[in-house]
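Q: Dock chains B, C, D and E against the given chain A, drawing on the hints supplied.
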Amino acid sequence: MYIYDIYSMSTMTGDLDTPETPRMRVILSNSSSEPIYEQIARQIRAQIIGGELEEGSLLSSIRSLARDLQVSVITTKRAYEELEREGLIDTVGGKGTFVAAQNPQFLREKRMSLVEEKLADAVSEARLVGLSLDDLSEMLRLLAEEE
Amino acid sequence: MKALIRKDLRLLAPYWWLILPGHVLFSANGVISPEFLFWIGVALAASFTVGLAVIDWRFDADRFVAALPVDRPAQVRARYVGAIGAAVLGTALYVAYGSVIVAAFPARLGWRTGAGAWNSPEGIAVFFLVAAALVLILLPLLFRLGLVRGIWSFGFVALAVMAVAISRVSNAGAEAPSQALVEELAVFVDDRGAAVAWPLVLASLMGLIWLSARLSIAGFRSREL
Amino acid sequence: MEDNVLEIRGVHKSYPGFTMRDVDLVVPTGHVTGLIGPNGAGKTTLVKLVMNLITREAGEIDVFGLDNLLHEAEVKARIGFVYDEPNFPHDVNARDLGRAIGPFYRGWSGERYRRLLGEFGIPVRKRFKALSKGMQMKLALAIALAHDADLLLMDEPTAGLDLEFRRDLLEHLAAILEDERKSVLFSTHVTSDLERFADFITLIRDGEIVFSLPTSDLRDAWGVVKGAADVLARLDAPDVRGVRTGPHGVEALVANASLARTKCGPGVVIDRPSLDDVLVLMTRGDSYVESH
Amino acid sequence: MDDLLVVERIRKAWDVVALEDVSLRLPPGHIMGIAGPNGSGKTTLIRLILGHIRPDGGAIRVFGDDPGLSGRAIRSRIGFVLDRPISYEHLSVTRLGRLVADFYADWDEVEFQRLLDEFELPGRRRASALSRGMRVKLGLALALAHNAELLVLDEPTTGLDPVFRRELLARLSAIIADGRTSVLFSTQILTDLDRVADFAVFLRGGRVVFSGPKDDLLDRWAIVRGGPELAAAAGADAVRGIRRSRMGFDVLFDDMDAAKPYCDGPAVLERPTLDDVFLLLGSKESQ
Amino acid sequence: MWNLIRKDLILGRWTLIVNGSMALLAPFILLIPDEPPPVILYVLYVGLMCTMLPVSLIAKEDKFSATAFTCSLPVTRDDIVTSRYLGGWFIAGGWMAAVLALGLLAPAVRDLWSNGAGGALLGGLTMLGLTIAIVIPFTIRFGMNGLLFGLVGLQVLGMVLFIGALATGGLDGIERAVKSVIDAVGSYHERVGPAGFAVTVIFGVALLNWVSWKASRRIFRTRDL
Numbered sequence: 001m002y003i004y005d006i007y008s009m010s011t012m013t014g015d016l017d018t019p020e021t022p023r024m025r026v027i028l029s030n031s032s033s034e035p036i037y038e039q040i041a042r043q044i045r046a047q048i049i050g051g052e053l054e055e056g057s058l059l060s061s062i063r064s065l066a067r068d069l070q071v072s073v074i075t076t077k078r079a080y081e082e083l084e085r086e087g088l089i090d091t092v093g094g095k096g097t098f099v100a101a102q103n104p105q106f107l108r109e110k111r112m113s114l115v116e117e118k119l120a121d122a123v124s125e126a127r128l129v130g131l132s133l134d135d136l137s138e139m140l141r142l143l144a145e146e147e
Numbered sequence: 001m002k003a004l005i006r007k008d009l010r011l012l013a014p015y016w017w018l019i020l021p022g023h024v025l026f027s028a029n030g031v032i033s034p035e036f037l038f039w040i041g042v043a044l045a046a047s048f049t050v051g052l053a054v055i056d057w058r059f060d061a062d063r064f065v066a067a068l069p070v071d072r073p074a075q076v077r078a079r080y081v082g083a084i085g086a087a088v089l090g091t092a093l094y095v096a097y098g099s100v101i102v103a104a105f106p107a108r109l110g111w112r113t114g115a116g117a118w119n120s121p122e123g124i125a126v127f128f129l130v131a132a133a134l135v136l137i138l139l140p141l142l143f144r145l146g147l148v149r150g151i152w153s154f155g156f157v158a159l160a161v162m163a164v165a166i167s168r169v170s171n172a173g174a175e176a177p178s179q180a181l182v183e184e185l186a187v188f189v190d191d192r193g194a195a196v197a198w199p200l201v202l203a204s205l206m207g208l209i210w211l212s213a214r215l216s217i218a219g220f221r222s223r224e225l
Numbered sequence: 001m002e003d004n005v006l007e008i009r010g011v012h013k014s015y016p017g018f019t020m021r022d023v024d025l026v027v028p029t030g031h032v033t034g035l036i037g038p039n040g041a042g043k044t045t046l047v048k049l050v051m052n053l054i055t056r057e058a059g060e061i062d063v064f065g066l067d068n069l070l071h072e073a074e075v076k077a078r079i080g081f082v083y084d085e086p087n088f089p090h091d092v093n094a095r096d097l098g099r100a101i102g103p104f105y106r107g108w109s110g111e112r113y114r115r116l117l118g119e120f121g122i123p124v125r126k127r128f129k130a131l132s133k134g135m136q137m138k139l140a141l142a143i144a145l146a147h148d149a150d151l152l153l154m155d156e157p158t159a160g161l162d163l164e165f166r167r168d169l170l171e172h173l174a175a176i177l178e179d180e181r182k183s184v185l186f187s188t189h190v191t192s193d194l195e196r197f198a199d200f201i202t203l204i205r206d207g208e209i210v211f212s213l214p215t216s217d218l219r220d221a222w223g224v225v226k227g228a229a230d231v232l233a234r235l236d237a238p239d240v241r242g243v244r245t246g247p248h249g250v251e252a253l254v255a256n257a258s259l260a261r262t263k264c265g266p267g268v269v270i271d272r273p274s275l276d277d278v279l280v281l282m283t284r285g286d287s288y289v290e291s292h
Numbered sequence: 001m002d003d004l005l006v007v008e009r010i011r012k013a014w015d016v017v018a019l020e021d022v023s024l025r026l027p028p029g030h031i032m033g034i035a036g037p038n039g040s041g042k043t044t045l046i047r048l049i050l051g052h053i054r055p056d057g058g059a060i061r062v063f064g065d066d067p068g069l070s071g072r073a074i075r076s077r078i079g080f081v082l083d084r085p086i087s088y089e090h091l092s093v094t095r096l097g098r099l100v101a102d103f104y105a106d107w108d109e110v111e112f113q114r115l116l117d118e119f120e121l122p123g124r125r126r127a128s129a130l131s132r133g134m135r136v137k138l139g140l141a142l143a144l145a146h147n148a149e150l151l152v153l154d155e156p157t158t159g160l161d162p163v164f165r166r167e168l169l170a171r172l173s174a175i176i177a178d179g180r181t182s183v184l185f186s187t188q189i190l191t192d193l194d195r196v197a198d199f200a201v202f203l204r205g206g207r208v209v210f211s212g213p214k215d216d217l218l219d220r221w222a223i224v225r226g227g228p229e230l231a232a233a234a235g236a237d238a239v240r241g242i243r244r245s246r247m248g249f250d251v252l253f254d255d256m257d258a259a260k261p262y263c264d265g266p267a268v269l270e271r272p273t274l275d276d277v278f279l280l281l282g283s284k285e286s287q
Numbered sequence: 001m002w003n004l005i006r007k008d009l010i011l012g013r014w015t016l017i018v019n020g021s022m023a024l025l026a027p028f029i030l031l032i033p034d035e036p037p038p039v040i041l042y043v044l045y046v047g048l049m050c051t052m053l054p055v056s057l058i059a060k061e062d063k064f065s066a067t068a069f070t071c072s073l074p075v076t077r078d079d080i081v082t083s084r085y086l087g088g089w090f091i092a093g094g095w096m097a098a099v100l101a102l103g104l105l106a107p108a109v110r111d112l113w114s115n116g117a118g119g120a121l122l123g124g125l126t127m128l129g130l131t132i133a134i135v136i137p138f139t140i141r142f143g144m145n146g147l148l149f150g151l152v153g154l155q156v157l158g159m160v161l162f163i164g165a166l167a168t169g170g171l172d173g174i175e176r177a178v179k180s181v182i183d184a185v186g187s188y189h190e191r192v193g194p195a196g197f198a199v200t201v202i203f204g205v206a207l208l209n210w211v212s213w214k215a216s217r218r219i220f221r222t223r224d225l
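Same order as they appear, the protein sequences are chains A, B, C, D and E. Number 112 in the numbering used here belongs to position 112 of the first sequence; there are no gaps in the numbering. Number 217 in the numbering used here belongs to position 217 of the second sequence; there are no gaps in the numbering. Number 180 in the numbering used here belongs to position 180 of the third sequence; there are no gaps in the numbering. Number 81 in the numbering used here belongs to position 81 of the fourth sequence; there are no gaps in the numbering. Number 107 in the numbering used here belongs to position 107 of the fifth sequence; there are no gaps in the numbering.
Chain A with its partners taken away, still in its complex shape:
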């Protein structure tokens, strides 16, 4: 049937996962309430803090990212401006945008705040479902042991 073979075709040829330079990966959702430029900034920030985008590596330009993601140039510009304000990236006139030099201490701090944020989400979700603190910490322990 037509649909099946497109799916298998793409995996067989394996053109999807050819090893490439560690490229930035941004997946946009148009039905989430988070504005598009925040989604872009969040994912790039996570990839910088997570180390997938090392220091000094070149990011794709505002316009080529807009073209890739099929969004407006203003959206990507706003995302880059936000990241630049946070000191995660800096733009060298004419040469492009690079991941800024992160001092390790600042990086750890950033990661800590990321973890905190995620835990806060978990707590609010748990309260919604009516989980008590013990159940929550029990789950945390199980998850921690799994890794």
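Fair warning: there could be bad hints in the mix.
To be verified - Which chain D residues stay away from chain B? Per the calculated CB distances, all over 12 Å, these: (1) G39; (2) E89; (3) D102; (4) F103; (5) R180; (6) A236; (7) V268.
Claimed, not checked - Simulated restraints, written as ranges between beta carbons of each label pair: (8) A:K77 - C:A233: 49 to 57 Å; (9) D:R98 - B:L211: 57 to 65 Å; (10) B:R221 - E:F162: 27 to 35 Å; (11) D:D106 - C:H172: 45 to 53 Å; (12) D:A231 - C:R181: 35 to 43 Å; (13) D:V17 - C:R181: 44 to 52 Å; (14) A:K77 - B:A218: 46 to 54 Å; (15) B:L211 - A:K77: 55 to 63 Å; (16) D:A258 - C:D22: 55 to 63 Å; (17) E:A215 - B:K2: 51 to 59 Å; (18) D:R98 - B:A218: 26 to 34 Å.
In short, the hints are calculated from the structure, not lab data. Beta carbons: idealized from backbone N, C-alpha and C, even for Gly.
A: Positioned in the frame of chain A, the structure of chains B, C, D and E alone reads:
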């Protein structure tokens, strides 16, 4: 402006094999008399001149052309070059058809020859004048009023011009107005001598073309597309 | 009262460069069925087959339970049709059209026709050629709606019409559908109209019916999984309806978003598909022939 | 790099007002979408840019000059596709190319052939035998082959199916990637603007009802759908439009936070689609 | 089915009025200088003008491809074909009778009928019948353009045959054949007398229309609109 002229030629390119045979067949009726040949020649010339004049409206492309990097005076000038060129082509065909007919049926027809004849310089000048006059009147109206209103008003203007021309000439010979015109021009040339008359004729013709072009440019400049 | 206003069984029709082989389609009564598909997919062919404007090589078509060839006149008496190119004679005005067409239909009401003309803002005396394209479509709609048809068959009725009129038209059709005996088959390229208004969506492509599903399924059950290339491996194949690879990852249309969620875990984005997404993801690139 | 297109308080009227007090700016390397119902002035604005007509009031500058005066120079840097994408349909694709090439000093035949291949347009086929989508692509190829700095498209997506539309919009996004060229296109299908358009201009009855970055609409604006009690919100300054709905009122706010206080109880706070914004913005009740 | 004819009358109102008025010009035939023309000429002229009415309606429907619209109305395809035949006879026949009756008011026209009235009427009816029988199936199958091309094609064919016959001297062969047909009809006319002849002709025309109606129905049933 040259690009506009080449455009018109390119547009006509696919139709040449259709236009020419039709014309040759149609011109066969010219065998009857110089008068017939004259008016059929004018009709053929008009099919070129008017055809070229309305070509952009025919293909509904007036906005397309106006969006190209050409200014309006250039469009008008290109249109006049095309129209006058077509009138010259019409005249050439007129003379060609006439000569073929005269060669094919010399005895029976006994058309007039020499001064004032259909193929004398006066005859050719009158033919060209009538062929060109048609489009020199039409173009300013088209450029100012667009296709529909342009053609309508052209209808009225042409009637008026015809009425004037015929009434002036009718006393000379009702049944052959064109040949009467040729004779009149021949007389005009004789009185003043060729050296004076012809430059005058040419000058007035150029003046007519220049005037019509100026009117067209003025009209087209402010026309909303 | 039939539960299906229109049933197409095993229909076969071929033009040079286009064939439609044993097509089955069922349009439920009392509902709006949206027909979507790329140009040249066969939307117009289907509509013309139902109206017997073109002959078919094989297959049956029942409208209101009646065979549309044996009961041609009776079937057409209860259909209001709008074609993408309204082909009325050019020198006709709305008033003449109403007087000429009225007697053909039992349910025709001159009063309703005049009210529709007023509502759509159509000048009664103006010649058809002098109307704008949008106005010509509105006149065709007024005629189709004026004889209280049980089935409204519309091929691209909103082409070239603006958003406001399209919304009013949809509200007008919604009012008609309060009587559950009425049904609408509505083919369009502007899928946003259908998203809120259609109960069922039929996708047709290259002469084949790809699916006929309730719109709610497409909106709630289906999903577009967006993620890195490896995400595809985690999905189970039969669930995937179409894939498109972009510079930043892949988009996979799946028929069961919740299943995909369990397979891919929280990190992967799963969006609700718009009808455009469904159409784009299920169409293989740019394969267009003359529109039929 | 100053703006490619500057329109200041333009006025144009025949027996009816076509454009009234319209202002907008288009910087290089951006896409501007102009949306509006039939007869809202979209085509009039495009005809002004191309120098087909002259404004009655206000000023328009393309590449810094007035299209009415130095139209020729301006149009040599503009690529256009009119709402009738192709004229001279009796000519074949290649013949049309040769005809248009003659008019542009910096026509790039290699680029034109590449575009024909990319759009799968057979050179020998007559333009009249092409489908509407194919004709829009041919129009685009003709417009792009002389590296124009401004692309003006009059309702290119009308009558095209979604796959074609998305592909065309992706192509526009690629065109502006060089940061030099800008695109201005009119449309009646607002979802065209959802993705790649940078600026949106909504016209209604010749007036600008909204003009600015499209992201503001999608990211900052909000709609509250609720019961009759929302009528009270009509006065608030953040309200840009209010319209009666089946159950009560839909209220459009130009700021998400300003909308929050109104959605206690049954009222729902949503992020608007461009269709909603367009309908609510000009709705009668809001005037 | 009568609705279809009524629809054509309403929608084609202007076309019918314009073409119908041409038939009213018939009495001007009397202006031809020599002694009053035979009545057959008068009737044939009226007949020709009247047959133009249904033909112009069919041409209009074909031009705007309105047949798809007509076919979407609650009628069967056979109804459409039948309405064209009945409509043709009703419109053309009815208007022809009206014009001829109207003509009787003028005394000059009335005495035209003094001789050969029967033959003239028969001629008119035959022409009407033949036109309808040929035009309708032809336009259904090939459309109006097809019909026009067909007519032009026939003319060209005629010219070629004529020239061929001229060249090969076979001209008198054709003349003889045509003469023999006329003689046969003439002798048949003597044998059965005017009434009998009229009946046979009417029966022939009716039969032709019936066959043509059958053929048209079969063609139209499988025609894609």
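Q: Compare the structure with each hint and give your call.
A: Okay, the hints, checked on the actual structure:
no.	hint	result
1	G39	16 Å, holds
2	E89	7 Å, violated
3	D102	4 Å, violated
4	F103	5 Å, violated
5	R180	19 Å, holds
6	A236	43 Å, holds
7	V268	47 Å, holds
8	A:K77 - C:A233: 49 to 57 Å	35 Å, violated
9	D:R98 - B:L211: 57 to 65 Å	35 Å, violated
10	B:R221 - E:F162: 27 to 35 Å	57 Å, violated
11	D:D106 - C:H172: 45 to 53 Å	52 Å, holds
12	D:A231 - C:R181: 35 to 43 Å	37 Å, holds
13	D:V17 - C:R181: 44 to 52 Å	46 Å, holds
14	A:K77 - B:A218: 46 to 54 Å	49 Å, holds
15	B:L211 - A:K77: 55 to 63 Å	59 Å, holds
16	D:A258 - C:D22: 55 to 63 Å	58 Å, holds
17	E:A215 - B:K2: 51 to 59 Å	58 Å, holds
18	D:R98 - B:A218: 26 to 34 Å	33 Å, holds
Of the numbered hints stated above, those contradicted by the structure are hints 2, 3, 4, 8, 9 and 10, listed in ascending order.
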